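Enquirer: One letter stands for each residue in the lines below.
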Amino acid sequence: MERRKFLGLGLVAAALVPASLSAVDFRKEKPDAFTAHNVADAIKALYGDIKTEEGDLSVKAPKIASNGGAIPVTIKSGLELKSVALFQDANPESAVVVFTIGEGMIVNYMTKIKMKGPGEITIIAEGKDGKFYKTSQKLDVALGGCEG
Amino acid sequence: MANMKIKAKVKGDTLKCKIQAKHIMLPYDAAKKKGVDANFMTLITAKVGERIIFEASTSQFISKNPIFKFEAKAEGLKAGDKLEMSWTDLSGETVTEDKKIKGLK
Numbered sequence: 001m002e003r004r005k006f007l008g009l010g011l012v013a014a015a016l017v018p019a020s021l022s023a024v025d026f027r028k029e030k031p032d033a034f035t036a037h038n039v040a041d042a043i044k045a046l047y048g049d050i051k052t053e054e055g056d057l058s059v060k061a062p063k064i065a066s067n068g069g070a071i072p073v074t075i076k077s078g079l080e081l082k083s084v085a086l087f088q089d090a091n092p093e094s095a096v097v098v099f100t101i102g103e104g105m106i107v108n109y110m111t112k113i114k115m116k117g118p119g120e121i122t123i124i125a126e127g128k129d130g131k132f133y134k135t136s137q138k139l140d141v142a143l144g145g146c147e148g
Numbered sequence: 001m002a003n004m005k006i007k008a009k010v011k012g013d014t015l016k017c018k019i020q021a022k023h024i025m026l027p028y029d030a031a032k033k034k035g036v037d038a039n040f041m042t043l044i045t046a047k048v049g050e051r052i053i054f055e056a057s058t059s060q061f062i063s064k065n066p067i068f069k070f071e072a073k074a075e076g077l078k079a080g081d082k083l084e085m086s087w088t089d090l091s092g093e094t095v096t097e098d099k100k101i102k103g104l105k
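So the protein sequences, as listed, match chains A and B. Residue numbering for the first sequence is 1 to 148, as defined by our numbering. Residue numbering for the second sequence is 1 to 105, as defined by our numbering.
If you're looking for bench data, these hints aren't it; they were derived computationally from the structure. Treat the numbers as computed from the prediction; the structure is a model and nothing was measured. It is possible that some hints are incorrect.
The list that follows gives simulated cross-link-like pairs (lysine-lysine, BS3-like), each with its CA atoms no further than 30 angstroms apart [stated by the list, open to error]:
| # | chain 1 | residue 1 | chain 2 | residue 2 |
| --- | --- | --- | --- | --- |
| 1 | B | 47 | A | 30 |
| 2 | A | 30 | A | 116 |
| 3 | B | 99 | A | 82 |
| 4 | B | 99 | A | 112 |
| 5 | A | 28 | A | 76 |
| 6 | B | 7 | A | 63 |
Simulated coverage check for chain A against chain B, where a stretch passes if three residues somewhere in it have a Cβ under 8 angstroms from a Cβ of chain B [to be verified]:
| # | stretch |
| --- | --- |
| 7 | 26-39 |
| 8 | 89-98 |
| 9 | 107-118 |
Note that the Cβ used here is the ideal one computed from N, Cα and C, for glycine as well.
All chains, full assembly: derive it from the sequences and hints.
Expert: The following block contains the structure:
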């Protein structure tokens with residue numbers, strides 16, 4: 001019986017070893033950030049207690065999204081950044097995506113996100129100089145898109 | 001393996017890429033209703049050779065069949081270089097595909 005238990009434990013341990021693909025996987029490093037239920041908590045879990053300021057950072061999304069299942073969001077910045085995170089406050093969990101920015105990358109991203117209803121998109125950017133930048137946009141959603 | 005649509009083109013000194021991956025991206029809420037397990041991408045990366053040009057940790061709220069557009073400096077790229085995209089999802093599945101970058105001399 002004990003031997004069986006021991007073997008079982010071994011299997012579990014093997015399954016837990018992550019197959020890491022590259023430098024930073026925020027889901028593994030900061031799992032709390034992806035389960036936080038509001039934007040402030042998610043930011044705290046990801047970056048800690050930070051003060052944000054305005055800077056050369058912009059977000060573009062439609063004011064009224066006809067389909068909440070695919071809302072195009074564009075993020076642009078001319079700053080020297082380490083990472084950019086996108087949050088929203090309409091869905092049960094806040095974090096949507098975290099981009100890691102490395103050498104030779106240009107911050108000009110477009111992706112499509114899901115939102116259950118009207119809400120606010122918040123972008124937090126972490127600069128190489130240690131400063132944090134924030135921008136946000138409110139938008140209406142005509143048809144909620146979290147039902148898959 | 002038509003799992004991904006990849007477009008990569010160099011214009012001037014910028015490499016412009018657009019990808020669309022085929023994935024259900026089922027969030028926890030919807031999965032519960034359907035009585036199946038949630039499944040969504042958790043990490044998406046793009047590489048040219050050894051250089052990582054795009055990396056995103058994603059959650060369940062990226063749309064179904066996710067689209068990403070991104071840019072990078074085209075410095076150091078040469079003809080015949082390939083853009084290699086790969087993603088990992090919650091079930092542990094990893095898919096990698098590559099495509100030749102257009103517009104390089």
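Enquirer: Which earlier hints turn out false for this structure, listed by number in ascending order?
Expert: none
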